[in-house]
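Protein sequence lines correspond, in order, to chains R and Y.
Under numbering that gives the first Met the number 0, think of the first position of the first sequence as 0, with each following residue one higher.
Under numbering that gives the first Met the number 0, think of the first position of the second sequence as 0, with each following residue one higher.
Among the hints, erroneous ones may be present.
As the list claims (entries may be wrong) - Here are the computed lysine to aspartate or glutamate pairs in the DMTMM-like style, where the Cα-Cα straight-line distance is at most 25 Å: (1) Lys182/Y - Glu76/R; (2) Lys197/R - Asp208/Y; (3) Lys192/R - Glu146/Y.
As the list claims (entries may be wrong) - To spell it out: a stretch of chain Y is covered by chain R in this simulated footprint if at least three of its residues, at any positions, have a beta carbon under 8 Å from a beta carbon of chain R; those stretches are: (4) 150 to 159; (5) 280 to 289.
Derived from the structure by calculation, the hints contain no laboratory data.
For glycine and all other residues, C-beta sits at the position ideal for the given N, C-alpha and C.
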Amino acid sequence: MLTIALSKGRLADQAIELLEKAGYDCTAAKEKSRKLILEDEKQGLRFILAKPADVPTYVEYGAADIGVVGKDTLLEEGRQLYEVIDLGFGKCRMCVCGPKELKGKLDTIPNKRVSTKYPNITRAYFEDYKRESVEIIKLHGSIELAPLIGLSDVIVDIVETGRTLFENGLDILDTVAEISARVVVNKVSMKMKASEIKPMIEALKKQVDIMNNEKKEA
Amino acid sequence: MGNNRFYTPDGFSDVLPGICEFKREAEAKLRDLFSLNGYSEIETPGIEYTDIYMDKEYVDPQGLYKLCDQKGRLICIRYDGTIPASRFAATIYKDEEPPLRLCYIENMYRYNEVGGGKQSEFTQAGVELMGSAGSPADAEVIALAIESALEIGVKDLQISIGQTKLFEGFMKGLNIDKETSDKIRNAIDQKDVVMLEKTASDLGLSDEDKETLLMFSESQGTYELIEDMRNRISNETAVAALDNLKEILDILDDYGYLKYVSIDLGLIGSDYYTGMLFKGFTYEVGFPIIAGGRYDNVVGAFGRDMEAVGFCLGLSLAIIALIRQGMDPQVSKPEVIIGYDIAIEGARKAAIAMKQQMVAEGTRVVLDTQGYTQEALEKYADDNGIETCIYINETKEEA
Numbered sequence: 000m001l002t003i004a005l006s007k008g009r010l011a012d013q014a015i016e017l018l019e020k021a022g023y024d025c026t027a028a029k030e031k032s033r034k035l036i037l038e039d040e041k042q043g044l045r046f047i048l049a050k051p052a053d054v055p056t057y058v059e060y061g062a063a064d065i066g067v068v069g070k071d072t073l074l075e076e077g078r079q080l081y082e083v084i085d086l087g088f089g090k091c092r093m094c095v096c097g098p099k100e101l102k103g104k105l106d107t108i109p110n111k112r113v114s115t116k117y118p119n120i121t122r123a124y125f126e127d128y129k130r131e132s133v134e135i136i137k138l139h140g141s142i143e144l145a146p147l148i149g150l151s152d153v154i155v156d157i158v159e160t161g162r163t164l165f166e167n168g169l170d171i172l173d174t175v176a177e178i179s180a181r182v183v184v185n186k187v188s189m190k191m192k193a194s195e196i197k198p199m200i201e202a203l204k205k206q207v208d209i210m211n212n213e214k215k216e217a
Numbered sequence: 000m001g002n003n004r005f006y007t008p009d010g011f012s013d014v015l016p017g018i019c020e021f022k023r024e025a026e027a028k029l030r031d032l033f034s035l036n037g038y039s040e041i042e043t044p045g046i047e048y049t050d051i052y053m054d055k056e057y058v059d060p061q062g063l064y065k066l067c068d069q070k071g072r073l074i075c076i077r078y079d080g081t082i083p084a085s086r087f088a089a090t091i092y093k094d095e096e097p098p099l100r101l102c103y104i105e106n107m108y109r110y111n112e113v114g115g116g117k118q119s120e121f122t123q124a125g126v127e128l129m130g131s132a133g134s135p136a137d138a139e140v141i142a143l144a145i146e147s148a149l150e151i152g153v154k155d156l157q158i159s160i161g162q163t164k165l166f167e168g169f170m171k172g173l174n175i176d177k178e179t180s181d182k183i184r185n186a187i188d189q190k191d192v193v194m195l196e197k198t199a200s201d202l203g204l205s206d207e208d209k210e211t212l213l214m215f216s217e218s219q220g221t222y223e224l225i226e227d228m229r230n231r232i233s234n235e236t237a238v239a240a241l242d243n244l245k246e247i248l249d250i251l252d253d254y255g256y257l258k259y260v261s262i263d264l265g266l267i268g269s270d271y272y273t274g275m276l277f278k279g280f281t282y283e284v285g286f287p288i289i290a291g292g293r294y295d296n297v298v299g300a301f302g303r304d305m306e307a308v309g310f311c312l313g314l315s316l317a318i319i320a321l322i323r324q325g326m327d328p329q330v331s332k333p334e335v336i337i338g339y340d341i342a343i344e345g346a347r348k349a350a351i352a353m354k355q356q357m358v359a360e361g362t363r364v365v366l367d368t369q370g371y372t373q374e375a376l377e378k379y380a381d382d383n384g385i386e387t388c389i390y391i392n393e394t395k396e397e398a
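This is chain R alone, in the form it adopts within the complex (with noise of 0.2 Å):
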């Protein structure tokens, strides 16, 4: 019996379409209700529903086998953990954004406050990378609103289209990771149930390949 660990949203269900791409029947997965594990006995594979921020951790205890989340939880949560697969999509930008004004000058202002829900990324990101001390305020949402209300200097968070940041005055002023769903391992499974693991590796890895490629085409 496999353990997946999905990200709750619209990951899941991207993560669903290519485990059925990939030869999986989920539609245990797929099940209408509000249940918060999705069995499917026949095919020996279990489904757990968890807030994305979540999935490491359920996988690096081994209460799940396998992982899907994005690339930002991972760096986030820094578990220990086997990262398999590049999915490909869930595509966006972990950046460091502010007043437009800021352009070019971030290095600039001293001390800076920085909010972001990602305080970890945020810490290592200023602090190994550009060295410097910032104070980082962590918030839980809407994190745009604070450089406009004056609680902080810039923000650090996800981009995906920029409207929110382009409508509000705001610019991305620096990228701090590039970011996409992953597959995750547990150390310990990927030994002990590695006739189960491995082949669904291989098969996801061939729909990745097939979908990439259709995407160099278009």
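With chain R's structure known, arrange chain Y on it following the hints.
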């Protein structure tokens, strides 16, 4: 104030009856096993100077439980078994002729993420074989690790063996600098194939070398894998590492343990290890229950150049695995309860004598302390699954 008196601190918990009993039995079995294999048990202090861990950056300082002694010197609670054993071997045992065979069964203390659910206090049982450099020592330690797991009841066991010198030799052969090779090491550790492919292209590696590099992230096997790598890597260090792995397999075959082990090229460890290293896995826990390897520079850091190889078994973690695999540790119940009628002269004395004799014979027996009547005592014994109930309400006339 005082609201914490009901709870144990984060990462610490009580070991319940039953589990504690099983744990002590397991410890006794391991102690016997180590001793029968010639390893002498030592007890290093519960507190050491932090310098023994931090001087060479063996551990992340954040993981140490740190305190100050009366002179303001930084001390810490025992973090692992290997570093103190190495200090011991290089100082107290500096004139002892090698090889040294030392072992320990101790609680270790490590700060973990708050709310992370990992234990900060756990028991490890381990051995260190010091002053012996070759494959026979490597294999002896792996074999003992396997026997330790089997001894405490872990049946589904897989041991993965890697060799840090194989990777180092491969990097050296390709003239890759330390910084890049550290990055690659990290990517291999996370099986980050995307990053490995990118690095291979950036470095302009040949197709075959690229394929070899990717093998480090996924290849497992035994003899064929070693031969395959032999055809791919010609660097001297790497070839010696392959010879070492082959010899280890040969010796483990003599032990009859080949079925438990496989070579995992992805197991390349950190700078701490200087040769083979291994991990042991079982079902139902997400972390390895065994970790070990060769660390030839550690004892030297304490002033006596001496090769060393060892392993430790995470006993607390192994017990969690066993319980999840279906083991149900039971509390040993008394087999006999003895009560007496206090109104009868000499009854108590007779009851005590009876209890003492039974204990001497190895029977689990309790003496009633509640003043039960015969009827109440029988009911109590019945309710609590105590097989034999003895009530003394008359004393034999003493001759």
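For each hint, the structure was consulted:
A threshold of 25 Å between alpha carbons decides the hint, and for Lys182/Y with Glu76/R the separation of about 20 Å falls inside it, so the pair holds. Annotation: proposed proximity of Lys197/R to Asp208/Y holds, straight-line Cα distance about 23 Å (limit 25 Å). Pair hint Lys192/R plus Glu146/Y holds up; C-alpha atoms about 23 Å apart against a cutoff of 25 Å. Coverage of a stretch by a chain is defined here by at least three residues with a beta carbon nearer than 8 Å to that chain's beta carbons; for the region 150 to 159 of chain Y and chain R the count is 3, and the condition holds.
With a threshold of 8 Å between beta carbons, the proposed coverage of the region 280 to 289 of chain Y by chain R holds, since 8 of its residues qualify and at least three are required.
Checked against the numbered hints given earlier, the structure satisfies every one of them.
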